[in-house]
Amino acid sequence: MSSLADRCKPIRLLVVDVDGSLTAGGIIYGVNGQEHKRFHVRDGWALKEWTTAGRSLAVLTGRSSDLVEKRGKELGAAWVIQGAKDKAAAWDGLLYSAACAPEQVAVLGDDEPDLPLFQRCGLGAAPADASSQARRKAHLVLRKGGGEGAARELLELVMRCQGIWPNN
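Mapping to the numbering used here: the sequence shown position 17 is 17, numbers consecutive.
FYI, nobody ran anything at the bench for these hints, they're computed from the structure. Being a predicted model, the structure only gives us computed values, none of them experimental. Any given hint could be a false lead.
Stated by the list, open to error - In the BS3-like style, the derived pairs of lysine-lysine whose C-alpha atoms are separated by at most 30 Å in a straight line are:
#, residue 1, residue 2
1, K37, K70
2, K144, K37
3, K9, K48
4, K137, K85
5, K73, K144
6, K144, K70
7, K85, K48
8, K85, K144
9, K85, K73
10, K48, K137
11, K70, K85
12, K144, K9
13, K70, K48
14, K73, K9
15, K9, K137
16, K85, K37
17, K37, K73
18, K137, K37
19, K48, K73
20, K37, K48
21, K48, K144
Build the full structure now, drawing on both the sequences and the hints.
Below, the structure is given as structure tokens:
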């Protein structure tokens, strides 16, 4: 069994789910049918620091939304993959495009569709309020919930381990 530090050191690509990981999981529809999501600014700051440090970010979600495309671009995501009903099917292509080995990938996910990725990646992390199955399968269960700073908590841990956290 690898230590958490051993899992963190080689990470170069972060793959994040959206609903339940970057958001609290709720979806709000306006009267015109437009979808609204709430993202945490601390997660956004840490994700920008990650990409600024020369690391890669991929958004991989089962749903599709213009908001997710916009947020992914704001954060510097190299890949925004939406409508992925089978996330494991998108995995190989993503790793090939990113030129990463599985142990160089961290995944932040909260539910059943993310579980196959936890088995394939170097570090699988689940927010505190993830499904019980996701919490059991993850290498790391975070203290923060989805949309409440889970991405920042994960990135601070990984980046501190790598010595690249700002003001480390």
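We went through each hint and held it up to the structure:
1. For the proposed pair K37 and K70, the alpha carbon gap of about 12 Å is at most 30 Å, so the pair holds.
2. Simply put, K144 and K37 have alpha-carbon atoms about 18 Å apart, close enough for the 30 Å limit, and the pair holds.
3. Annotation: proposed proximity of K9 to K48 holds, straight-line Cα distance about 19 Å (limit 30 Å).
4. At most 30 Å may separate the alpha-carbon atoms for a hinted pair to count; K137 and K85 meet this at roughly 20 Å.
5. This hinted pair checks out: K73 and K144 have alpha carbons roughly 24 Å apart, not beyond 30 Å.
6. With a C-alpha separation of about 24 Å, the suggested pair K144 and K70 falls inside the 30 Å cut-off, and the hint holds.
7. Distance check on the hinted pair: K85 and K48 sit about 27 Å apart at the alpha-carbon level, within 30 Å; holds.
8. Simply put, K85 and K144 have alpha-carbon atoms about 26 Å apart, close enough for the 30 Å limit, and the pair holds.
9. Distance restraint check for K85 and K73: the Cα-Cα separation of roughly 22 Å lies within the 30 Å cut-off, and the hinted pair is therefore satisfied.
10. Taken as a hint, the K48 and K137 pair is honoured in the structure, with Cα atoms around 27 Å apart against an allowance of 30 Å.
11. Distance hint between K70 and K85 is fulfilled; the C-alpha atoms sit about 20 Å from each other, no more than 30 Å.
12. Restraint check for K144 and K9: the C-alpha separation of about 22 Å stays at or below 30 Å, so the hint holds.
13. For the hint pairing K70 with K48, the CA-to-CA distance comes to about 14 Å; that is within 30 Å, so the pair holds.
14. Distance check on the hinted pair: K73 and K9 sit about 26 Å apart at the alpha-carbon level, within 30 Å; holds.
15. Distance hint between K9 and K137 is fulfilled; the C-alpha atoms sit about 20 Å from each other, no more than 30 Å.
16. This hinted pair checks out: K85 and K37 have alpha carbons roughly 20 Å apart, not beyond 30 Å.
17. Between the alpha carbons of K37 and K73 the distance comes to roughly 15 Å, so the proposed pair stays at or under 30 Å and holds.
18. Of the pairs offered as hints, the one joining K137 and K37 holds, with about 27 Å between alpha carbons and a cut-off of 30 Å not exceeded.
19. For a cut-off of 30 Å, the pair hint linking K48 to K73 stands: about 10 Å separates their Cα positions.
20. Of the supplied pair hints, the one linking K37 and K48 holds, its CA atoms being roughly 19 Å apart against a limit of 30 Å.
21. For the hint pairing K48 with K144, the CA-to-CA distance comes to about 19 Å; that is within 30 Å, so the pair holds.
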